[in-house]
Each structure stands twice: as structure tokens, then as C-alpha cells.
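Asker: The residues making up each chain are set out below.
Number of protein chains: 2
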Amino acid sequence: MNKTFSTLRINQDRFRSHFEALAKIGGTAEGGVHRPALSEAHLEARRWLKKQIAQAHLEIKIDGAGNHHALLGCGPQDGTGLLLGSHLDSVPNGGRFDGPLGVLAALEVLQVIKEQGLSLKVNLEAVDFTDEEDCFVSYMGSRALTGDLKRHDLQNPSKSRDLFQQALSRAGLTESGILAAARDPKTVAGYLELHIEQGNRLIEQRKDIGIVTTIVGIRSRWLKFLGRADHAGTTPVNRRRDAAQGAAAFTLAVRDLVMKDFPDSVVNVGNMEFAPAAFNVVPEAVKVALQFRADENNKLDRMEKALLEEAGRAAQRFGLRWEMAPLESIAPVDMNPKVQEAIIRACENLNLSYVMLSSGAGHDAQSMASIGPAGMIFVPSAGGFSHSPREFTEWQDCCNGANVLLHAALTLAH
Amino acid sequence: MNKTFSTLRINQDRFRSHFEALAKIGGTAEGGVHRPALSEAHLEARRWLKKQIAQAHLEIKIDGAGNHHALLGCGPQDGTGLLLGSHLDSVPNGGRFDGPLGVLAALEVLQVIKEQGLSLKVNLEAVDFTDEEDCFVSYMGSRALTGDLKRHDLQNPSKSRDLFQQALSRAGLTESGILAAARDPKTVAGYLELHIEQGNRLIEQRKDIGIVTTIVGIRSRWLKFLGRADHAGTTPVNRRRDAAQGAAAFTLAVRDLVMKDFPDSVVNVGNMEFAPAAFNVVPEAVKVALQFRADENNKLDRMEKALLEEAGRAAQRFGLRWEMAPLESIAPVDMNPKVQEAIIRACENLNLSYVMLSSGAGHDAQSMASIGPAGMIFVPSAGGFSHSPREFTEWQDCCNGANVLLHAALTLAH
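Chain order of the listed sequences is A and B.
If you're matching positions, the first sequence starts at 0 in numbering that gives the first Met the number 0 and goes up one per residue.
If you're matching positions, the second sequence starts at 0 in numbering that gives the first Met the number 0 and goes up one per residue.
With the rest of the complex left out, here is chain A:
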């Protein structure tokens, strides 16, 4: 990086005013945001983003998957771009940092570089991906862009197909348009994403920046416990085949299992669906929404085996049958070493402390890694809270992260 570059910084005031304006869209009483993908609030956030891109005199491109790109033609006219970005959708009742920070920092980087009139070896793009949070199809936008998304994925959304179709129609998207959004990998010079850590390692280790080495793999499964519907008043408790008991025993057991045998990995029972779901009927069936994560494929295989053994044990204990339906299996993904190196240099140039770490959360960077060198920059999450209105990052940390994004992008693009 030459001397001019090394003194460049983002415009903190503009960055902050963007951040605060965006946090109001879908803002909740608790101080978070509720912007599930393709909801009215999410679409309003995207209309707001389009307006900012236009006001920054950047070109806008919206692809078939609804991904919003701001384009800065600072490189050759071959259309190849280094992508910087994240997402504007949130989990239900989520926080204001997860996603927006990376999108707005990317926009800020483009604005700073445009203001300097710099000529680089590649063009720059700030991108806002669709449905990172798996409201319907996880990483739908980035997977559509990389060509990884298949018709089967669209036909099996996390919510009902009806709700998905309504959402697509609200957003002006179509399944065929999404599948046609795949981009020639030759036009992608790489991908950089700034994000909050969503954990407490940076705070505990008193580091300014986390440089991601690996994004953990994620497997989502529906586990169904099947018993017998009986009258809840006349069937003695010990003669029931009560699916609720199996689901409950499983939920407790998997927590113990993971704490004991997979202490650096995680498991979650995020939902249950009862049938027939009446106060006065013994539950015949309980569906359990199971998700688990680990940083290596063979560890995921071992976890899955052990978790299913717990399902079998819980079912047997209460005279139940059980079934498993796989939903998603996302493999762990390593970040590109050269991109990691560029981020290290940015930290050093900016006098920021850093640590190499894995990401326990999935990100669009793992899709993008399949078509080009990808990397991620983490900033501290106060208290480690995430997917919650309590999510919080000090503003100085947000600016540090945006400056690291700026410098790492300049290094990669120069």
C-alpha cells in the first residue's frame, strides 16, 4: 500500500448517520430490528439503500436474486469486481448490527475511494445479499450468485412454500429469476465481509479485530418423535406413548452431550411443533428443529451420529418411534490465506490488535469462497449477544472494522 492509501480513513460521521437511519427501519421497542427477509421492513430497508447508492452517485445493479449491488468503476472496464458486503435482512426480533454494519461499511469504502478518484486494478462492488438469515432459504442471495442454489432448494423453503411465494411476489422476484442470477466466477475478484463477532472471544482477549480462518459447518434437521394420541384425562401417565416426553428427554440430552463430547461446538433446539396440540390430548407427534455446528466435516459427522443416538435413546425410553428429515448441510469453509494476509496488513497499518479465529456463525462469505478468494473481518460484540436486540458494538469498533475493510480492499485491489 502506498503512502496516500495508508492515510485514508472512512468518513465516520456519514457512516454513523447511515447506520442510525437504517436501524430505524423495522426498529423495535427493545432497540433491535425486525426485518425478516422480504418482509415489508426488509424491502423498505432496501429502498432506503437504493436511495443512498443513488445519492453517492454510484451505479446500482439488482440481480435476479434481489441482491443489491453498488458499483464503483475504479478499475478496468471488464466488469470484474472485488465484492464487499453483507446483508440487510435480520432474524425475527434481531439486532441492528448483524448485516447492516457490513453493507454500510462497504458502501462507505466505495464512497471514500470514489471521492479520492483512485484507479485500482479491479472495480469495487458493495453488495447486500438476500435472505442471509434463512427466513426462507439460507444464503439464498449469495448462493444464487455463485450458482450453488438449485431448484430443489427453492422448492423446500424453511417456511411454507405459500409464504415463500407470497414473499417473492412482494419483492418482485421469481424462482426462475433467482436461478438465473448465477454470475461468471471470472468477474469476481474476491469477497470481503465486515461483521460483528457475535461471540465474546474478542472482548475476552481484548482484541480490536478478529480475522476469520474458517466458517463452521451447519447442519439443520427436523427430528420427529411419534407416539400415540390418547385422552389426557383417562390414560394413566405410565401407559402413554407421549411424544412430548421423547422430545423433552432429547432436548436435555443433546445439551449435555455437546458440552461433554464437543465442547467447542454448539447445538440448538430452536422450535417444536406438536400434534394434535391440544391441552386434553396426549401428543401423538412432536417435531424438533435441531441445528448443530462444528469447524470440521468429520466432527459434524461424529456429532450427527451421537445426536441421532440420543434421539433413539429418548424414543426407546418412552415407547416412541422417531424419524429424521435432513434440511441443510453446509460444510465448513476455510477463508483464503491471501485475504487473511491482506487483513493482517490492514490491522498492522492501522495499529489495531487482532486475533485469528473461526466463525461460529454462517455467512455469505462461505458461499462466495466457492468462486473466489474470500475473507472476513470481525469486530467485538459487547457481552457476546447476537440475534437479539441486546446485540451491541461500540461505535469506535465499528469504525475500526470499516477502516480495516477499506485498507484490506485497497491491498487486494491494488
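Because the hints were derived from the structure by calculation, they are not lab data.
Since this is a predicted model, take the numbers as computed values, not measurements.
Careful, some of the hints might be misleading.
Identical copies go unnamed one by one, so any copy, or any two together, can satisfy a pair.
[To be verified] Straight-line C-alpha distance at most 30 Å; calculated DSSO-like pairs for lysine-lysine:
1. K158 x K286
2. K60 x K206
3. K185 x K149
4. K286 x K259
5. K259 x K60
With chain A's structure known, arrange chain B on it following the hints.
Answerer: For chain B alone, kept in the frame of chain A given last:
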């Protein structure tokens, strides 16, 4: 009972053809029926019943709560009636015996007595009560008739108020009409109900008939466990406040508690509602649908105290808060001794073996007991299955029960 009376029997062929025709309405592939109160299938069953009443040349009366009465003026013209009945609505995906058996046996009794042209001391009514199974408001029909139902009950249905309003409108009912359905207790000479046992005591004790002494009390509660929504990938399992863990520990604990300390009583966790209900978010809140039953009020009080202590323990173990919202508290109700005596005489006259027992299920008889002498006749349930398509009673047992109903009614009305 005089000699003529003692040789009277129901018409088994007509009774059976009624039973089988009715079981087809809302019939399911598994051989049960799906006729939730005020659903299209339930309303179709009631249209069918009206037609049978008309074909039997009995008078029909539908009160403001939608209760269908067939009237036989075999007594004085003062309008006082001995009511025989049950209900045509079912739990979701229920059986074909629970409710219809009692309504059709009552209709059969009226037809037999009409054919004989008997003069009795009171008139007879066969009644089909609305929403016995608590689709919206439990025992809505019988509680409306006895004047026990209040506006507050209608404003807090088990399902959403919108769904309830839609159902009322579908059935041509109104809240004010329901509240105006209360009947002068002086016009009710008593109430008799034939029902399947819904348990396995008659089968185990090889008895033909059960004579109910007490109907157990029922309490329904929503228990809410409150934790913290966190990212399910980045929050270590042991740092969560996971509401699912509290709900699971509670579900297992209450089963053990009741088996150990209340072995003749029951508890059920019939449903759970998670929030935010996503694979990738640690559950912030889980609502648990709890119901428990016992044959004495002070036993219900002790159970409730012990169950809530388990909720406190489960919450404390996982760093959660908890809340309880009472839904319904129905006190245990004793059946009238003179009615029990009439049923005993009927069994003896018919050479049927019998046993006195409590009812673990609630019935309209417990509402009716508040305005007049009430009693219940049970027939065996094969396998003890109930609220399930597996519900089954031998046809001979159904006919035995209908004949006991006939003879007990004649004794009470003579």
C-alpha cells in the same frame, strides 16, 4: 319399574344404522372422525341429526348455544324434561364413539318410548351439546344451558377470538344468543349420559357397565419459560438462557412427580409454542400447555403447588424466569346418588355386571349436575384408547349401555 317397562329394549338395528351413518360424517382414513366443534363436518353432523329427529316425528328445539334437543312430550305439558344426551363434536382426529354414542342412544330411547306410547311423570329430551371438547370454550353448550357460562368465557376462547367468531358465524350463533340460552332449572328433571369409559378399568375388571360416582376436576394452565434470544452458532451452550431447556426439564419432571406422588391422577403437556421459533436462534420463550386432573379439590390444589415448584426448579436450573397464566379450573363433581341407584337397578334388571368408578374425563354431566340430579353410564373401551381413531367399543357393549340408559330413564321418569 313395571313388567311392561322391564321387557323394553332399544332397536339395535336402527341404533346401529344411525351410528354408522353418523361416523361417516367427518370420517378419517384411520377410521375415526375429525369433527371439531362448529367445523363444517360438525355442522353437517348436526344437519344429519335434525333430519333423524324429524324422521322420528319428534319435535326439535335448537337453543341459543346451538344445543340440539329432540323433544318427546310423554309427560305433563309444563315443559319439564329429563335430559339424556352427549355431544357430536370431536377432538381433532378423534374417535367415532366419544359423544355420538350418548346422543344416538338418547334418540333411540325417545323413539322406543314414543313407539310404546308410554305416559311418564316427565317429558324426555335427547340433547346434543355444543363444543364439549373445548375446541373454543369447554362445555360451552351445557354451561350455557345451566347459566354457568359468562361473557368472560366467550371472550377468552382456547383458540384465537377471530377463529371463534368465524366459527360462531358459520354456525349462525352469536355471543349474546349463547349467553341467553340459560334455562330455568325448574324445567330440568335431571340428566343422564351414556359414554364410553375412555380408560381400561371396565375391561380389566370384566364389567359390562361403569356407574360414575364423581367426575374429576380439570385445571388448564399456560406456563411460560423466559430466557434470552442468542445466536445459536456463536453462543456457547453453557452460556445460554435457553427457554427450551426449562420447558424440557419441566415436561420430564411433572411426569415423574405425578407417577410418584399422585398415582391416581394425571398430567399432560399437550403443546408448546416457541419464540422466536427459528433453527438458528436460542429460544427466548417457550409456552407450555399444561393440564392436570384429580378427583378432589384439595388434591388439585396440592398438585398445582407441586407442579409450579417443578416449574421454578426447571427455570432456576437454566437461568430462566417463568410465568403462569390460569386458563380453566373445573372442580370435581359428584354424581347424584338417586341417579346412581336408578342405574344400578337398570343393570340388575338387565343382568349386566357393573362397577362404581370416577370419570377421568370431563363431561357435560358435570355442568348439568349444577341444576339437577345427574348421572353417567360407562361402557368398556377396548384397549382404553380415547381421543384417538383407535377408540373402539364392541357393538354389544354399546347396546347394553343404551338399554341401561333406557331403563334408568324409565325409573327416573316413572
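Asker: For every hint, state whether the structure bears it out.
Answerer: Going down the list of hints, with the structure as the test:
Taking the shortest Cα distances, K158 and K286 sit within 30 Å of each other both inside one copy (14 Å) and across copies (21 Å). Taking the closest pair of Cα atoms, K60 and K206 never come within 30 Å of each other, the shortest separation being 36 Å inside a single copy and 79 Å across copies. With identical chains, the CA atoms of K185 and K149 are at most 30 Å apart within one copy only, with a shortest distance of 21 Å there and 72 Å across copies. Taking the closest pair of Cα atoms, K286 and K259 come within 30 Å of each other both inside a single copy (25 Å) and across two copies (28 Å).
Within a single copy, K259 and K60 get their C-alpha atoms no closer than 49 Å, and across copies no closer than 67 Å, so neither meets the 30 Å cut-off.
In this structure, the earlier hints numbered 2, 5 are contradicted, and the remaining ones agree with it.
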